[in-house]
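If you read the sequences in order, they're chains A and B.
Position 33, counted from 1, in the first sequence is what the numbering used here calls 33; the numbers after and before it change by one each time, with no gaps.
Position 81, counted from 1, in the second sequence is what the numbering used here calls 1081; the numbers after and before it change by one each time, with no gaps.
The hints are simulated quantities; they were obtained by calculation from the structure and are not laboratory data.
Quick caveat, the model's predicted, so the values are computed rather than measured.
One or more hints might be untrue.
As the list claims (entries may be wrong) - Stretch by stretch, here's where chain A covers chain B in the computed footprint (C-beta under 8 Å, at least three residues):
#1 1385-1391
#2 1397-1404
#3 1407-1414
Unchecked claim - Lysine-lysine pairs mimicking DSSO-like chemistry, simulated, CA-CA at most 30 Å apart:
#4 Lys1039(B) / Lys1143(B)
#5 Lys108(A) / Lys1399(B)
#6 Lys5(A) / Lys230(A)
#7 Lys151(A) / Lys1349(B)
#8 Lys1050(B) / Lys1143(B)
#9 Lys151(A) / Lys1385(B)
#10 Lys239(A) / Lys223(A)
#11 Lys125(A) / Lys1402(B)
#12 Lys1433(B) / Lys108(A)
#13 Lys1385(B) / Lys108(A)
#14 Lys1399(B) / Lys151(A)
No residue lacks a Cβ here, since even glycine has one placed at the ideal position from N, Cα and C.
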Amino acid sequence: MIEIKNLHANIDGREILKGINLTVNKGEVHAIMGPNGSGKSTLAQVIAGREDYEVTQGEILFNGKNLLELSTEARACEGIFLAFQYPVEIPGVSNTTLLKNALNSIRKYRGEEELDAMEFLTLVKKKMSLVELSEDLLRRSVNEGFSGGEKKRNEIFQMAVLQPKLAILDETDSGLDIDALRIVANGVTKLKSPENATIVVTHYQRLLNYIVPDFVHVLYNGKIIKSGDKSLALELEDKGYDWVIEEAAELV
Amino acid sequence: MNSSTELKELFIAQFQSFENTLNGEKELPMHQIRKDAIKKFSALNFPSVKDEEWKYTNINPLLSKNFRPADSIPEIDPEFVNKYLFDKKEFITLVFINGYFSKEFSEIDSLPEGLILETISEAIKNHPDLVLNYFSKTASTEKNIFTALNTAFADHGTFVSIEENAVIEKPIQILYVTKADDIFVSPRNLFLVSKNAQVKIIETYAGFGDRSYFTNQVTEFIVNDNAVVEHVRIQDEQLNAFHISTLSVDLEKASNFSSYNINFGGSLVRNNVNTKFNGGFAECRLNGLYVTQGSQFVDNHTSIDHAKANCLSNELYKGILNDTSRGVFNGKVFVRQDAQKTNAYQQNKNILLSNDAIVNTKPQLEIFADDVKCSHGATVGQLDKDQLFYLKARGIQEKEAKAILIYAFASDVVHSISMTQVRDHLEALLAEKLL
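Bound-form chain A, shown alone (with noise of 0.2 Å):
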């Protein structure tokens, strides 16, 4: 589904990606960990088309398109979905006026019949359950006032709504508690097919016991030094990330 190759990232001159390579196929799962700092967000930020970002060298290839051609919105409309580590709030746009163009300018892009807001409030009525979130909460303005727990949980909600092919989730457990841990990730789980896939930047291993991954790749200093199953992440848990490090170290 995306295929990563030799991907270099700077921003304001500094490199902070540097030669990233990573093949996620759909119907999988990737786990994206490492310390503080290593370029996970970098990531992410890349592959939805932050403009802050200037590649320098590699290629994204999405279903066979060259993603870095594309623009933001064009990739959105392509099928990619970052849940946001830190979602903005937008004081005067409510939930339901974000979720309504978002949804139909997809729509618009694949050729598919807007929806009437009839069927819209159909569909986002059924996807709210999925995150247990309440009906108020389409009028409100986008995460303006919402708890941390609340901003994640409606980055799933978006997700549910728009259906993504490849959905990132960027630290989406940082700060939320196991109450909210489990609601976000069962939602994610149920969202999970065999044409979908998702790839989940993690610092610590909790969310991971949730959702489960495939593959585990340690992401250090602007490069992945080491993948693995799921197992790699609970011996990161349990030993840190420093003799990763060490072991990546020798090789060189």
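Dock chain B against the given chain A, drawing on the hints supplied.
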């Protein structure tokens, strides 16, 4: 190019021809007011950027034109008029074209009790005492050359009088449409709201055609004790138009006045909004929005005079400026020595959508009382990059994402308008300008 003296002489000569068309009316007291006004006009000078009040507003482009008074109703596409009109079943509707009352587009049959609604020229004949008691009292011709000019030519416009205790449920819409044909129009409104009365009035100014024109407009409002008024002013003049207006409001005891001053059109626009508390416990809300593009220039000068104690004023003006357009906001709030327990809040916020748009903002508080709550502030910024990225990352096209954010920015100016049709209309006009 004219010198400003030549233009003045041109207007004075035109006044003489206008006078000759008045025939019998010449003997009426009203005409004395006009003659006094043209005298004031001839004694005053057109302002230049050396005048503090016109520091950022260069009117030379206006002075270089030769405008003649409008003298007839042009042909007009009904669709253009209807675009600005609300449902005539739910609104009392008056339409003026080139300053002339259009019976065809208006709907003023079966007016509710307690309401007098006439063209100003009819009212001068039918209710001379009422009109003369108030006409040209709140909007002074002493210092403002444009008000003097409007008063001299005051013949077209609307007179509204609401009697005591009358609550007029149907909003009154007054639409002034002008054909851009090198003419000038001088719409003049006088709105009297008696004690305990309530009314909603919408004034709209729009134009069509390729040439230029000049709308020089004055509205006077008398809001008596306990009266409640909602006033919406929509300015969507054609983009070569000049538009200068004065809204003067006298607020008596415990009255409540909400103003929405919405600006989309015009090449050079200057609005003066002057409100004065003549009695205590009154409230005044001034909301403003200016949305500009191309090389448009829009200047809003507001003043709120807390002459009496225990009053509240709340002012919010917002600007959205694109391309090389310019905006000016100058908001004065005076709190006089006797005006204790005043609450006065003022905000001006602007979003610049391009690197070349400019706004000059000057919120001013002058406080002479010591027991008051007052605040003021101004901001100039751009669309929030993080918000824009968030919307785009959800698949929303850039243009629409920007429009959504701009509409959100504008919405708190208009969201408290009580008339749904008016809010929807403004939303549609805003979308038309943005997309």
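Going down the list of hints, with the structure as the test:
1. 1385-1391: holds (count 5)
2. 1397-1404: It holds: at least three residues are needed, and the segment 1397-1404 of chain B offers 5 whose Cβ sits within less than 8 Å of chain A.
3. 1407-1414: It holds, with 5 qualifying residues against the three required.
4. Lys1039(B) / Lys1143(B): Holds. Lysine 1039(B) to lysine 1143(B) sits at ~12 Å (cutoff 30 Å).
5. Lys108(A) / Lys1399(B): With a Cα-Cα distance of about 15 Å, the restraint between lysine 108(A) and lysine 1399(B) holds, given a limit of 30 Å.
6. Lys5(A) / Lys230(A): Within the cut-off at roughly 23 Å; holds.
7. Lys151(A) / Lys1349(B): Since the Cα atoms of lysine 151(A) and lysine 1349(B) sit roughly 28 Å apart, the hinted pair holds (cutoff 30 Å).
8. Lys1050(B) / Lys1143(B): holds, 15 Å
9. Lys151(A) / Lys1385(B): The given pair, whose Cα atoms are some 19 Å apart, holds under the 30 Å limit.
10. Lys239(A) / Lys223(A): holds, 20 Å
11. Lys125(A) / Lys1402(B): holds, 27 Å
12. Lys1433(B) / Lys108(A): Satisfied, since the Cα-Cα distance of roughly 23 Å is no more than 30 Å.
13. Lys1385(B) / Lys108(A): holds, 25 Å
14. Lys1399(B) / Lys151(A): Status holds; Cα separation ~25 Å.
In summary, the structure agrees with every hint in the numbered list given earlier.
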